[in-house]
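Please arrange chain B on chain A, whose structure you already have, making use of the hints.
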Amino acid sequence: MDAVFKALADGSRRELLDRLHARNGQTLNELCEQMDMTRQAVSKHLAILEEANLVATARNGREKAHYLNPVPINDIAERWIGKYERGRLKALGDLKRNLERED
Amino acid sequence: MSSQYLYVTYIRTTPQKLWDALTSPEFQRKYWFNMHQESSWKAGSPWKMMFSDGRVADAGEILEADPPRRLVIKWRNEFNPELKAEGWSRCVYEIEEDAGVVKLTITHAIEKEKAKLIEAVAGGWPKILSSLKTYLETGTPLPRPIA
Numbered sequence: 000m001d002a003v004f005k006a007l008a009d010g011s012r013r014e015l016l017d018r019l020h021a022r023n024g025q026t027l028n029e030l031c032e033q034m035d036m037t038r039q040a041v042s043k044h045l046a047i048l049e050e051a052n053l054v055a056t057a058r059n060g061r062e063k064a065h066y067l068n069p070v071p072i073n074d075i076a077e078r079w080i081g082k083y084e085r086g087r088l089k090a091l092g093d094l095k096r097n098l099e100r101e102d
Numbered sequence: 000m001s002s003q004y005l006y007v008t009y010i011r012t013t014p015q016k017l018w019d020a021l022t023s024p025e026f027q028r029k030y031w032f033n034m035h036q037e038s039s040w041k042a043g044s045p046w047k048m049m050f051s052d053g054r055v056a057d058a059g060e061i062l063e064a065d066p067p068r069r070l071v072i073k074w075r076n077e078f079n080p081e082l083k084a085e086g087w088s089r090c091v092y093e094i095e096e097d098a099g100v101v102k103l104t105i106t107h108a109i110e111k112e113k114a115k116l117i118e119a120v121a122g123g124w125p126k127i128l129s130s131l132k133t134y135l136e137t138g139t140p141l142p143r144p145i146a
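So the sequence lines, in the order shown, correspond to chains A and B.
Residue numbers for the first sequence follow numbering that gives the first Met the number 0, beginning at 0 and rising by one.
Residue numbers for the second sequence follow numbering that gives the first Met the number 0, beginning at 0 and rising by one.
Worth flagging that the hints you see were computed from the coordinates, not collected in a lab.
Glycine included, C-beta positions come from ideal geometry on N, C-alpha and C.
Incorrect hints may appear among the rest.
[What the hints assert, rightly or not] Here are the computed distance ranges between Cβ atoms for each label pair:
1. 11(B) - 97(A): 39 to 49 Å
2. 50(B) - 36(A): 24 to 34 Å
3. 42(B) - 94(A): 47 to 57 Å
4. 60(A) - 13(B): 27 to 37 Å
5. 35(A) - 122(B): 28 to 38 Å
6. 13(A) - 28(B): 46 to 56 Å
7. 45(B) - 39(A): 23 to 33 Å
8. 35(A) - 39(B): 49 to 59 Å
9. 37(A) - 45(B): 29 to 39 Å
10. 29(A) - 52(B): 41 to 51 Å
11. 73(B) - 94(A): 32 to 42 Å
Bound conformation, chain A alone (with noise of 0.2 Å):
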């Protein structure tokens, strides 16, 4: 657990996870072409989130796909957020996207 918030302790690694949630299964290429630094610190971001297991691999061919694996946070949001008071939590979550919402 120690990995995952390590992980995510970092701007620019919550970014790259931004990246994936909007368009999953993306190569170091084509995160590189987004993100404003050298391939050799995306490439770096990428293994620390792998690490923490909170990107996962996948070999086509030549080419590698990196997802976004949202397993170890929903792990972490199981462990604190109680049964009763998940119900709650979603409408406020549901309540502040509808408040923050530009349009």
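Chain B alone, transformed into the frame defined by chain A:
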């Protein structure tokens, strides 16, 4: 283009216990939103996912079965006409053991871009896998989510 999701979880258990949890209805009901699956889990045998009230949620066929390592299911939604119209998806379970921990990889894919079926199952898999992990590691499943 196709839609694909990949999920990985690490569980402190054995490949055989994980295989049993994935393939036996009594186990499934405990961690799969009270749903269960019916199949003889051999290549070529039919496969069905059932709601607790007996309705069929999804159906298909076992394409490959190599217990306790690999299972491939041909999977189509049956209760939602829009999802059913998207046709067959393919769900692959891969089980690998590494130093007392078992790695479960689930790949769910369909030959259709932005498929609604994959979006629909994407919301469920992380919850199912967290509950499965908790069940196998502690003997108690997670409480079912409040709709």
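For each hint, the structure was consulted:
1. 11(B) - 97(A): 39 to 49 Å: holds (40 Å)
2. 50(B) - 36(A): 24 to 34 Å: Because 47 Å falls outside the window, the suggested range is violated.
3. 42(B) - 94(A): 47 to 57 Å: holds (49 Å)
4. 60(A) - 13(B): 27 to 37 Å: 33 Å Cβ-Cβ, so the 27 to 37 Å window holds.
5. 35(A) - 122(B): 28 to 38 Å: holds (31 Å)
6. 13(A) - 28(B): 46 to 56 Å: violated (36 Å)
7. 45(B) - 39(A): 23 to 33 Å: violated (50 Å)
8. 35(A) - 39(B): 49 to 59 Å: holds (54 Å)
9. 37(A) - 45(B): 29 to 39 Å: violated (52 Å)
10. 29(A) - 52(B): 41 to 51 Å: holds (44 Å)
11. 73(B) - 94(A): 32 to 42 Å: holds (41 Å)
This entry does not satisfy hints 2, 6, 7, 9, going by the numbered hints stated previously.
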